[in-house]
Amino acid sequence: MSPVQQSVLAAGEAGEHRPLIISLFAVFVVATLGITVWAGRQTKSAADFYAGGRQFSAFQNGLAVSGDYMSAASFLGIAGAIALFGYDGFLYSIGFLVAWLVALLLVAEPLRNSGRYTMGDVLAYRMRQRPVRTAAGTSTIVVSIFYLLAQMAGAGVLVSLLLGITSDAGKVAIVALVGILMIVYVSIGGMKGTTWVQMVKAVLLISGTILITFLVLLKFNFNISDLLGTAAERSGKGDAFLEPGLQYGATGTSKLDFISLGIALVLGTAGLPHILIRFYTVPTAQAARKSVIWAIGIIGGFYLMTIALGFGAAALIDQKEITDSNPSGNTAAPLLALHIGGVDSAWGAVLLATISAVAFATILAVVAGLTLASSSSFAHDIYANVIRKGQATDKEEMKAARWATVFIGIVSIALGALARDLNVAGLVALAFAVAASANLPTILYSLFWKRFTTQGALWSIYGGLIVAVGLVLFSPVVSGDPKAMFPGVDFHWFPLKNPGIISIPFGFLMGWLGTVLSKEEPDTGKYAELEVRSLTGTGAH
Amino acid sequence: MATDAPPPSKTERHFPSTEEFVEVQQSAEFGELRRAHRSFAFPLTVGFIAWYLLYVLLSNYAGGFMGTKLVGHINVAFALGIAQFVTTFLIAWWYARYSAAKLDPKGEAIKSRMEGGA
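Protein chains in written order, with the UniProt record's numbering: chain B, 1 to 541; chain S, 1 to 118.
Keep in mind that the hints were calculated from the coordinates and are not lab data. As the structure is a prediction and not an experimental result, all values here were calculated from the model. Some hints could be false.
Below are the DSS-like pairs computed for lysine-lysine, each with C-alpha atoms no more than 30 Å apart in a straight line [what the hints assert, rightly or not]: (1) Lys-255(B) with Lys-237(B); (2) Lys-320(B) with Lys-69(S); (3) Lys-219(B) with Lys-237(B); (4) Lys-450(B) with Lys-389(B); (5) Lys-69(S) with Lys-450(B); (6) Lys-255(B) with Lys-69(S); (7) Lys-450(B) with Lys-102(S); (8) Lys-102(S) with Lys-526(B); (9) Lys-255(B) with Lys-389(B); (10) Lys-526(B) with Lys-69(S); (11) Lys-69(S) with Lys-237(B).
Model the full structure from these sequences, guided by the hints.
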């Protein structure tokens, strides 16, 4: 499929310190498995499994939300995008952060008040249950699988860098290991276990990033201008490295791609099912709001530090070394750790091992959150409410969720092998585009538009979903590009790598059109219930 | 686990009927709460999305302006990027203050009355 990337590191320095790296990975895995088993013992009811018993504090949830959100895309992908394309990579950081305001102002609190376990609870609230829940479940699973794909790509890349595994079989084995771990985390620990794993991960990721940022800034005497200047010079691109346009500025089409990406980033977050279900883990809407505020603080701080990670990597490492290690720059952050500590020193190796273990923890925690979101939605929306028509017991629902976990684990292992050479942040941006096209219009119409009907909900979910996924399928991400999933073939006709600019307005349009063209009367009683409940918390679970 | 507020006790709560919900939805008191939320959240959402899109468009089509150096190697593009962070933090803080002062008391009053079974 792709040329074997013989990593400089894997053969050399990292090789000697492989036992250290593997030990740190193992410590994290054992610790989180311990948490999972402990949480599993306390998981008795469906509310425990899906919502962690709703007893986490706003700060705990804010930390877990951050742990759920800052994925391999944020850590490996953004650092790599900035290291290679300078300023253009920084758009990810900004879009990923600003997007939280949509969740804060419009979605988090109403969702917490009116839903129970899943995004589908809110979408189907005043609609015909079975069709809308089927649609919500479908889009939840599709968005989560796109997102999983990115995390799996990150895991494969990381491990081949660190362990020198370059054979396809070896990478598949690693992806399979991640898949199996996530099945164990989620099926045993449920939301409680997942939440604790995400909190631990958030603390590790923030600490690791602060450490590297501090060391980078120390090297430049805390002079950011110097850091930027050195990065520009060493990148070989001069001032252009610090200006917009290096990645997206070449043609009119690529500029459109930039806008498309920008829109998907800012509108995607509030439609991500694995983020939305986190708001059910706190007791009230006020706590949900406070957890978003905490998350904005933590995530914003982290994204500010991506400046030091990305430009630091560009300033301290040769471009060729970055692209030799991974063509999309996904390994820039761990490479930076090695260089900042000293390539031939033990300190460099320790830093590399630490940062890699942090990245590994990051991936595992996000993967667990995604798996939980999709298996919850399968069990609660599709199994309990569609197949069993609301007659399933708690026990049966949880059993279905555990089986769904196994199934989704296997699917993502299978898909994970496909996406290795794509930039991880770019892949996650696709999940954002799908979420913004299929989920966000439906969520907003459901909560704020009295007239919205079942047909409108179905048209916006399926319309947004099909157009977004369809355009990706025929984009250069999948075929017709050396870095595509299938580089050998070319069936692309859609020129943009991100579908958002078409699919997001389309999702909104279909929701409106489906509603005005439907013959059914909206259920005004149910809307009164939803509206009062969403703003006041009356009758909230 | 520490929590910010005691969990609502499930046993004593009254889940209001649809008629009660409709009645409250049409009350002046609820109308005020809805207006207080929407008149804050909607324009602000339009505002920050417009500000963000402006930034994206400037990056695309105003390269010369964005590349203007301000201090050392720090250019307009970088400064505007940081400004996006700052406005995000400020809006979050502003909404937290506003909702605690203007939305929560109104919502709480309606909720406790409805769940009290009045």
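Outcome of the hint check:
1. Lys-255(B) with Lys-237(B): holds (19 Å)
2. Lys-320(B) with Lys-69(S): Since the Cα atoms of Lys-320(B) and Lys-69(S) sit roughly 28 Å apart, the hinted pair holds (cutoff 30 Å).
3. Lys-219(B) with Lys-237(B): holds (22 Å)
4. Lys-450(B) with Lys-389(B): holds (26 Å)
5. Lys-69(S) with Lys-450(B): Violated. Lys-69(S) to Lys-450(B) sits at ~50 Å, over the 30 Å cutoff.
6. Lys-255(B) with Lys-69(S): It holds: about 23 Å lies between the C-alpha atoms, which stays within 30 Å.
7. Lys-450(B) with Lys-102(S): Holds - the C-alpha atoms of Lys-102(S) and Lys-450(B) are around 24 Å apart, at most 30 Å.
8. Lys-102(S) with Lys-526(B): Given that 30 Å is the threshold and the Cα spacing comes to 26 Å, the pair holds.
9. Lys-255(B) with Lys-389(B): violated (48 Å)
10. Lys-526(B) with Lys-69(S): violated (56 Å)
11. Lys-69(S) with Lys-237(B): holds (16 Å)
Violation of the numbered hints given earlier is confined to hints 5, 9, 10; the remaining hints are satisfied by the structure.
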